[in-house]
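S.K.: With chain A's structure known, arrange chain B with the ligands on it following the hints.
Residue numbers (my numbering), protein chains in the order written: chain A, 95 to 422; chain B, 122 to 427.
Honestly, the hints are just simulated from the structure, not real lab data.
Cβ coordinates follow ideal geometry from the N, Cα and C atoms, glycine included.
Hints may contain errors.
[Stated by the list, open to error] Simulated crosslink set (PhoX-like; lysine-lysine; CA at most 25 angstroms straight-line):
hint: 1; chain 1: B; residue 1: 250; chain 2: B; residue 2: 214
hint: 2; chain 1: B; residue 1: 398; chain 2: B; residue 2: 246
hint: 3; chain 1: A; residue 1: 351; chain 2: A; residue 2: 318
hint: 4; chain 1: B; residue 1: 247; chain 2: B; residue 2: 300
hint: 5; chain 1: A; residue 1: 395; chain 2: B; residue 2: 326
hint: 6; chain 1: A; residue 1: 318; chain 2: B; residue 2: 398
hint: 7; chain 1: B; residue 1: 398; chain 2: A; residue 2: 309
hint: 8; chain 1: B; residue 1: 398; chain 2: A; residue 2: 317
[Unchecked claim] Ranges of calculated distance between the beta carbons of each label pair, as one might list FRET restraints:
hint: 9; chain 1: A; residue 1: 294; chain 2: B; residue 2: 305; range: 54 to 64 angstroms
hint: 10; chain 1: A; residue 1: 240; chain 2: B; residue 2: 358; range: 41 to 51 angstroms
hint: 11; chain 1: B; residue 1: 330; chain 2: A; residue 2: 145; range: 46 to 56 angstroms
hint: 12; chain 1: A; residue 1: 317; chain 2: B; residue 2: 218; range: 42 to 52 angstroms
hint: 13; chain 1: A; residue 1: 291; chain 2: B; residue 2: 303; range: 50 to 60 angstroms
hint: 14; chain 1: A; residue 1: 172; chain 2: B; residue 2: 146; range: 34 to 44 angstroms
hint: 15; chain 1: B; residue 1: 358; chain 2: A; residue 2: 183; range: 35 to 45 angstroms
hint: 16; chain 1: B; residue 1: 358; chain 2: A; residue 2: 267; range: 39 to 49 angstroms
hint: 17; chain 1: B; residue 1: 330; chain 2: A; residue 2: 136; range: 37 to 47 angstroms
hint: 18; chain 1: B; residue 1: 330; chain 2: A; residue 2: 240; range: 41 to 51 angstroms
hint: 19; chain 1: A; residue 1: 207; chain 2: B; residue 2: 300; range: 54 to 64 angstroms
hint: 20; chain 1: B; residue 1: 146; chain 2: A; residue 2: 382; range: 31 to 41 angstroms
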Amino acid sequence: MSFFKRLKESVSKTTESVTQKFKDGLSKTSSSLVGAMDSVFSRNRIDEELFEELEDVLIGADVGVQTTMEIVDRLRSEVKQRKVKDPADLQPLLSEILVEMLQGDDRDTAMNLKADGLSIILFVGVNGVGKTTTIGKLAHQYRQEGKRVILAAGDTFRAGAIEQLEVWGERVGVDVIRHQAGSDPAAVIYDGIQAAKARGADILLCDTAGRLHSKVNLMEELKKVYRVIQREVPEAPHETLLVLDSTTGQNALQQAKWFNEATRLSGIVLTKMDGTAKGGIAVAIRRELSIPVKWIGLGEKLDDLQPFDAEQFVHALFVQAIEKEEEA
Amino acid sequence: MAFEGLSERLQSALSKLRGKGKVSESDVKAAMREVRLALLEADVNFKVVKDFVARVSERAVGQEVMKSLTPGQQVIKVVNEELTQLMGGQQSKLDLSSKPSVIMMVGLQGAGKTTTTGKLAHHLKKQNKHPLLVAGDVYRPAAIRQLEVLGDQIGLPVFSLGDQENPVEIAERGVAQAKEEGNDVVLIDTAGRLHVDETMMDELKAIREKVEPDEILLVVDAMTGQDAVNVAESFHQEMALTGVVLTKLDGDTRGGAALSVKSVTDCPVKFAGMGEKVDALEPFHPERMASRILGMGDVLTLIEKA
Ligand SMILES: Nc1nc2c(ncn2[C@@H]2O[C@H](COP(=O)(O)OP(=O)(O)OP(=O)(O)O)[C@@H](O)[C@H]2O)c(=O)[nH]1
Ligand SMILES: Nc1nc2c(ncn2[C@@H]2O[C@H](COP(=O)(O)OP(=O)(O)OP(=O)(O)O)[C@@H](O)[C@H]2O)c(=O)[nH]1
Ligand SMILES: [Mg+2]
Ligand SMILES: [Mg+2]
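If we strip away everything but chain B, and leave its shape as in the complex, we get:
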C-alpha cells in the first residue's frame, strides 16, 4: 500500500545524512526527494509541496546546516520547524470578545459542520458560556432534526424556524433571540455547499452581511485530497474566513489538507475533530500535525537518531 515503507524510506534517506561531517548538495537533494514523496502521499497540495521543498532545501544547504557539527540532524530539524511554522506555529484561540459572539460554520457537504457545531457548543458550555445553536440548514433532509438531537445531548437550546424559511432570516432572528435571552455565544450551522455554486455562496455572504459574525470557520474533512486548496481558496475569497476546523482526524489519514488549507488562506486551524461524539473536539497542535504529515510518529526521536 501507498503509505507503507514511506516512513522507513524517509528514515533511510535521512540516515544517510546521519553522522556525516559534511553534507553535500546532492545528499540534501536525495533526502528532499523523500520528503517530497511523504508530503504528496499525505495529500499536501503539489504546489505547496514544491514551494516547501524549495525553501527547505535552501535553508538546508545554507550556512546554518553546513557549518554545524551534525548536519543530518539539522536538515530534519529544518523540515520539522518549517512544517510546524507553516501551520501557524502555535495554538490559535477563538475571538469571543463580543456579546454575543457570533460563530458561523461553513464548508462542503458532509465535512462535519453540524457535528462540529454541537461539539463547539459543548466545549464552550464547559467554559461557562451559554451558547445558542441556530439551525440554518433548510436543505439537507433532517438537518434541523440532527442539530436538535445534538442540542438535546449537550443540554443547549436550538433556534429553528423550520425548513420553509430563508436561512438569512433564520440567522438574523437567531442572533436577535440570543440578545434577548442573554446567550453570550451564537453558533450558526449552515448547509453544505460547493465552493463553485454561486447561488449558495451568495446566500452565505448574505448571512454574513446581516449578522456580521466574529468567527467564520471553514470545516474541512482531514481526508480531503488535492482539491482542498481550491475549496479553501474560494471560501476564503467569498467569506473572509477567520479559522479552520479539521475533522475526522481520529482516522489514519495523514491530513495533508491541513497544510494546504493553511497555506492558501493563512487562516489558523483552531480545532481538530477527533470522533463523532460531542466531546471529541480538541485544540489543534501544529507540531503534532507536522510529524503526522511526514509520517514520522515522533520526529524528535528521529532527530536524536540522526
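Chain A extracted, bound-state conformation:
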C-alpha cells in the first residue's frame, strides 16, 4: 500500500471534522508548499538538480539548512535502497520521512494532565507569539470538557496585558487571578495557585510576559515563576508550553533551546498556521531538541486551536497531491 493511502487511512480514523479543520486552516500553507513541491516532483528524472530544487523548497519552508540536508540525504539513500525511478514516487517517501521526524521517538503528543486534582500549565515564549490568545483558546476547550479552569495574569509588564487576559476570561466564562500592572509575576502565579486549590479547580493556566530568550534578567524572572510553581505543587508545572509563531525563522531554535534550559519545556504550541508560513522550524526543533508540538493555532477565535498530529499535519501539507493520486 502506498504511504499516501496509509496516511489517509490513519487520518480518517480521526473524525472528519477535525481533518476538515486542519485542511481549511492549513489551506494557505498547503497550496504554496505543494505548488513548489509539484514543480520538483514533476521533473523528468531523479537527479542532483531535483534534490537541489527540493532543498530550496524545504529551506523556503523554514526547515533550516542542516535539517534540510539531513532530510534530503535520507531521501537519497531511500531512493537508492528502494530503487525508486519515478520522481512522482518521491513525494510519499518524503511525507513518510517528515512524519517520522515530527513524531520522534514517542508518538505521544497528548497533554500530561492529572485525572484528579489540580494541573498547572505554564506558557512561555518571546514577544507577540500568541501566548495569551492560546490560553484563552485552551481555557475554552477545557471548559467545554466540563473542567474547572482558572487563569493567572502573570504578564504584569506589557501595556494592557492583564486586561487582555480578562477579556478572554469573560469570553470563556472563567475567573482570572490578577494583581496590578507592574507587580511581581511570581506573586501573581502564587496567588493563582492558592485560588485554584481553594476553589477546587482542575486546571490553572499561567500567562507570562513575552521575553526574548537572550535577556538574562527576564529569564531569571521566569525561573523564579517556575520555582514558585514547583514549590507549591509537587510535579508541577504539569506542562510547560513554549508558544512559537510559525512565521519565525531559524531563531526559533535558539528560543526553544534557551526556554528549555530555563523551564524544561514539555511541548510546543505552533501558532498562526492559518497564514502562509509553513512552520518548518518545528521539524528542526523536534530533530535537535526532541520537543514535540502539541497544539497548533489556526486563527484568532476561541475554537481556532487543534491538537497537533504529525500525520494530519503532513496530510494537510500534501493534501492536493494525495487527492491527485486517488483520482489517478
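M.R.: Only chain B with the ligands this time, still in chain A's reference frame:
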C-alpha cells in the same frame, strides 16, 4: 546549534583568499558557498540569496578584484558593500511635510505595531512634534487599552471611539480631530492581519483611501523566516508602503528578514525596534545590519585581516 561556527567557517573560507596573489574562480566559489549558508541561516529568503550570490560572484571574479593586489580583501568588501547597498545604503527619514502628517501602521499579528506606534510618537514628541495616537484596532482584546496605557506613559493624547465603531470611521474622525486641535502628526494603529485575509486587507485599503496617509509603515518582526517576502510583497501590493519598521532586534536573531523585505518591496527600513520600552526605537543602519546578517561582528576587522 545552527549558528555556531558559521562565523568561523566564513572566516576560514575567506582566509583562504587572504594574501593570495591571485584568486581563482573556484576560490571564489568556495567562499560564496559559505556566504550563501550564512545568509540562509540568517533567514534571508532563498531566492534573494540566489540572486545576491550570483551578483557578488560576478563582481568578485571580475576585473576589479582579480587585478587588485589583495583579492581576498576585495571579495569581502564586495559582499559587504552589496549587502549594505541592498538595504538602502543610508538612513532614510520620515516624510513629515504635510500638516498634519498621517502615519499608518500595518502588519501581521503580534509584529509590534501598537508598541511601535507608542515609540514613534515618543520619538516625534522629542523633536517637538505634537502627535495624536488613533486607536484603530477594534478586534484584539484590550488593544485600545494597550494604546491608552502607552499614551499615558509618553504623555500624549489617544483618540478612540471604542471597539464598536468601524476602523475606517475611527481613522477619519481621528484625523479630523487632529486638524481641529492642531496636532501636527497623526499615528494610526491598526489591527494585526494576515496578508491573505481579503476582508481585512480591504479594510486597510478603505482607511488609506479615506485619510491618504503620508507614510504607511509595515511593521515586521525581525525573527520572521522565509515567509517575510510573501508578507511584504502582499502588503506592498495592496497598500503601496512607504517604509518598514523592523522590531525585536534587541534579541539574537540575525534578522535576514530585513534584506528579504527590502528586496521585494524596495521600501527603506526606517526604524529598528530595540526593546519593549517606549524609548527603544532607533534609526535603522544598513551597514550594521549587513554585518549582523553575515554573522560577522565586525566586517571591517575581517577585511583588515584578509
Ligand atoms: N492569525 C492568527 N493570529 C493569532 C493566532 N494566535 C494568536 N494570534 C494573534 O497574535 C497576536 C498576538 O497574540 P497574543 O496572544 O497577544 O501574544 P502574546 O504571546 O501573549 O504576546 P505578548 O504577551 O505581548 O508577548 C494577537 O493579535 C492574536 O490575535 C493564530 O493562531 N492565528
Ligand atoms: N523585545 C522587544 N519586544 C518588542 C519590540 N516591539 C514590540 N515588542 C513586543 O512585542 C509584543 C507584541 O507587540 P504589539 O505592539 O502588541 O504588537 P502588535 O503588532 O500591535 O500586535 P497585534 O495588535 O496583536 O497585531 C509585545 O510584547 C511588545 O512588548 C521590540 O523592539 N523588542
Ligand atoms: Mg501575552
Ligand atoms: Mg496591536
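S.K.: Among the hints numbered above, which are violated by the structure, and what are their numbers in rising order?
M.R.: Result: no hint breaks.
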